[in-house]
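Peer 1: Construct the entire structure; sequences and hints are all you get.
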Amino acid sequence: MSQPTEPRPSRLARLRRRASGVLALGVALGAVGVGYAVLAPASHAQDDANQSVDVRMGEQLYNEGCITCHGRNLQGVHDRGPSLIGVGEAAVYFQVSTGRMPAVRQEAQVAAKKPRYTEEQVNQIAAYVQVNGGGPVIPSGDLHDGDVAEGGELFRLNCASCHNFAGRGGALSSGKQAPSLANANDKIIYSAMLTGPQNMPVFNDNQISPDQKRSIINYVQTLKDTNDPGGNGLGREGPVPEGLVIWVVGVGGLVAALLWIGAKS
Amino acid sequence: MSDRDPSRSRDLTVDDLEEMSDSERFRAAAAQLDDVHVLSVHNPAPPDSKLGRRAERKVAACFLLTFVSVVAFIVIFVAWPWEFSPGDHSFFAYWTYTPALGICMALALFGLGAGIVLWGKLLMPHEEAVEYRHGNRSDELDRQTTAATMRDALVTTGLPRRKLLRRSLGLAGGAMGLLAVVPLGGLIKNPKRALFTTPWKEGARLVRYDGVPMRPQDMEPGALETVFPGVPGGTKSADAATMLIRLRPGQQIASRKGQEGFGWGDYVAFSKICTHAGCPVSLYEQQTGRILCPCHQSQFDVTLDAKPVFGPATRPLPMLPITVDSEGFFVARSDYREAIGPSFWERP
Numbered sequence: 001m002s003q004p005t006e007p008r009p010s011r012l013a014r015l016r017r018r019a020s021g022v023l024a025l026g027v028a029l030g031a032v033g034v035g036y037a038v039l040a041p042a043s044h045a046q047d048d049a050n051q052s053v054d055v056r057m058g059e060q061l062y063n064e065g066c067i068t069c070h071g072r073n074l075q076g077v078h079d080r081g082p083s084l085i086g087v088g089e090a091a092v093y094f095q096v097s098t099g100r101m102p103a104v105r106q107e108a109q110v111a112a113k114k115p116r117y118t119e120e121q122v123n124q125i126a127a128y129v130q131v132n133g134g135g136p137v138i139p140s141g142d143l144h145d146g147d148v149a150e151g152g153e154l155f156r157l158n159c160a161s162c163h164n165f166a167g168r169g170g171a172l173s174s175g176k177q178a179p180s181l182a183n184a185n186d187k188i189i190y191s192a193m194l195t196g197p198q199n200m201p202v203f204n205d206n207q208i209s210p211d212q213k214r215s216i217i218n219y220v221q222t223l224k225d226t227n228d229p230g231g232n233g234l235g236r237e238g239p240v241p242e243g244l245v246i247w248v249v250g251v252g253g254l255v256a257a258l259l260w261i262g263a264k265s
Numbered sequence: 001m002s003d004r005d006p007s008r009s010r011d012l013t014v015d016d017l018e019e020m021s022d023s024e025r026f027r028a029a030a031a032q033l034d035d036v037h038v039l040s041v042h043n044p045a046p047p048d049s050k051l052g053r054r055a056e057r058k059v060a061a062c063f064l065l066t067f068v069s070v071v072a073f074i075v076i077f078v079a080w081p082w083e084f085s086p087g088d089h090s091f092f093a094y095w096t097y098t099p100a101l102g103i104c105m106a107l108a109l110f111g112l113g114a115g116i117v118l119w120g121k122l123l124m125p126h127e128e129a130v131e132y133r134h135g136n137r138s139d140e141l142d143r144q145t146t147a148a149t150m151r152d153a154l155v156t157t158g159l160p161r162r163k164l165l166r167r168s169l170g171l172a173g174g175a176m177g178l179l180a181v182v183p184l185g186g187l188i189k190n191p192k193r194a195l196f197t198t199p200w201k202e203g204a205r206l207v208r209y210d211g212v213p214m215r216p217q218d219m220e221p222g223a224l225e226t227v228f229p230g231v232p233g234g235t236k237s238a239d240a241a242t243m244l245i246r247l248r249p250g251q252q253i254a255s256r257k258g259q260e261g262f263g264w265g266d267y268v269a270f271s272k273i274c275t276h277a278g279c280p281v282s283l284y285e286q287q288t289g290r291i292l293c294p295c296h297q298s299q300f301d302v303t304l305d306a307k308p309v310f311g312p313a314t315r316p317l318p319m320l321p322i323t324v325d326s327e328g329f330f331v332a333r334s335d336y337r338e339a340i341g342p343s344f345w346e347r348p
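Protein sequences appear in the order of chains U and Z.
Under our numbering, the first residue of the first sequence is numbered 1, with each subsequent residue one higher.
Under our numbering, the first residue of the second sequence is numbered 1, with each subsequent residue one higher.
FYI, nobody ran anything at the bench for these hints, they're computed from the structure.
Be aware that one or more of the hints could be misleading.
Partial chain U-side listing against chain Z, Cβ under 10 Å, derived [said to hold, decoys possible]:
#1 GLY152
#2 GLU153
#3 LEU154
#4 GLY170
#5 ALA171
#6 SER173
#7 LYS176
#8 SER180
#9 ASN199
Here the structure is a predicted model, which is why all the values come from computation and not from measurement.
Here a beta-carbon is modelled for each residue, glycine too, at the ideal position from N, C-alpha and C.
Peer 2: Structure, rendered in structure tokens:
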């Protein structure tokens, strides 16, 4: 039908072309690597060294305390613990620094308790998991400087349904509960929002931006610092204990006073 | 005069009264005119007795308490350092301000009341008196003359004879009655359409409370966002609040009949208003996939298209059919297919 316009290249020519392509790629990659090593700031080396010490220490702690349930490669163990790939240092910080991990047993909800590890050790485990699994990280610096009013609005919209309007927590289904925020520090609240531990929904940075997260934290911490203008706050639990006190103490006192007056006359 | 007490006599004259003291006059009037007879008077604390002086001092102390409390109230009201400063951890002056005012006011009222009670108990003479009971029916003379007065008044107005006056007055009275009833008409509406529909419609974007539209990449698995229709006034609409939920990997949906494919990928959207009593159900457990209602503890299972699995709610949460438009934002495919919120009479 159609005549070839040019002769087919010989097998040798094709081989030569392929080899030269591979060679060119190798040279280019080598140049980039050498260039990066020359031009990259030297201080990284120091950081990397510290970080790798943290990671090594973290690996040791992980192998002692976490490996049974989360596996050798963070992949998780069936019916024991979930995979830690992609949970990030934020999740590790939340779970370990509040004492939830290491867990005592499988149950409806892993409860907070006295932390097993120091803050430094928590950070080492977090570094290990971050390096090997990746995932969300907690920003450094002040997490407490947001807009209190905006934080209040966001808290009431997103958090108050489970954690109560005053952050005192509340009951969920089948033995689970939303914990009180009374003992939660800035980093714990931030990492909880970021990672959605256990049954809490995840609020990533697209849903609630880092600035908004800081606003919520500022609101929660300001709320804790605020006093109760009416006297005793009754645990800030809301209308149930308040009604109980009104009916038992208030009305009971009035009835007692009426009985006393009746007995006197 | 037949039903009057026979013992009662009107033999008191003005001359008699002039010779009496006020106290005697009062007694005589009570006895002669009202048939109240004082049997005995006991004066517990005569004015000059030691007992009387002590009782007087007690009452005076109570009144003094009132005065002091009122002065204290004013001083606290003006001078108490009640201002709240954030970050100040000694709240004592701030939180005691209102109780201090209340205590002062209570003491003032208590002093006045207690003083008056003590006055009555300790200083006033204690009397024992008898009041005779009389029949309730008035004199025949009084009854007949009163009735005649009323009948005569009616005739004098001319209403029985003047038909025009009577009818026009009736008309005016009826109109005044209407004046009271007509404004209530504004409250009577047929809510039927409003109960069955929400502002959601085809192509309405799913926006957050601040109007930002949602995209599929905005949420992580296990996330929840309350969304509103991106139409004018949508974020203020009370019946349009919707939960946009991204399921976790592995959570399998068993759709209700007729609702297959209402979600988009691993996203599903349900009405946030409980089908039991209309509370906002946003207590979402991302691992168990349950949505809890805080008011009466109803639970809905997201993986069963928000079917109620516990508590008083009997209908599943209505599901909003969603998709993603050409610009990559979530949009509704239509309004809810059923009425949101609690059941009502006409609901099929």
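Peer 1: Decide, hint by hint, whether the structure agrees.
Peer 2: Hint check results:
Using the Cβ-Cβ criterion of 10 Å, the hint placing GLY152/U at the interface with chain Z is not satisfied: the shortest such distance is roughly 13 Å. Because the smallest distance between the Cβ of GLU153/U and any Cβ of chain Z comes to about 8 Å, under 10 Å, the interface hint for this residue holds. Interface hint at LEU154/U: satisfied, since its Cβ lies 9 Å from the closest Cβ of chain Z, which is below the 10 Å cut-off. A cut of 10 Å between beta carbons decides the hint on GLY170/U: the least distance to chain Z is about 7 Å, and the hint holds.
A hinted interface residue such as ALA171/U counts as satisfied when its beta carbon comes closer than 10 Å to some beta carbon of chain Z; here the least separation is about 8 Å, so the hint holds. Here the hint on SER173/U is kept, as its CB sits about 5 Å from the closest CB of chain Z, short of 10 Å. Contact between LYS176/U and chain Z, as hinted, is supported at the beta carbon level, the nearest pair being about 7 Å apart and thus within 10 Å. The interface hint given for SER180/U is violated, since its Cβ lies 15 Å from the closest Cβ of chain Z, which is over the 10 Å cut-off.
About 4 Å separates the beta-carbon of ASN199/U from the nearest beta-carbon of chain Z, less than 10 Å, and the hint is met.
Of the numbered hints listed earlier, those contradicted by the structure are 1 and 8.
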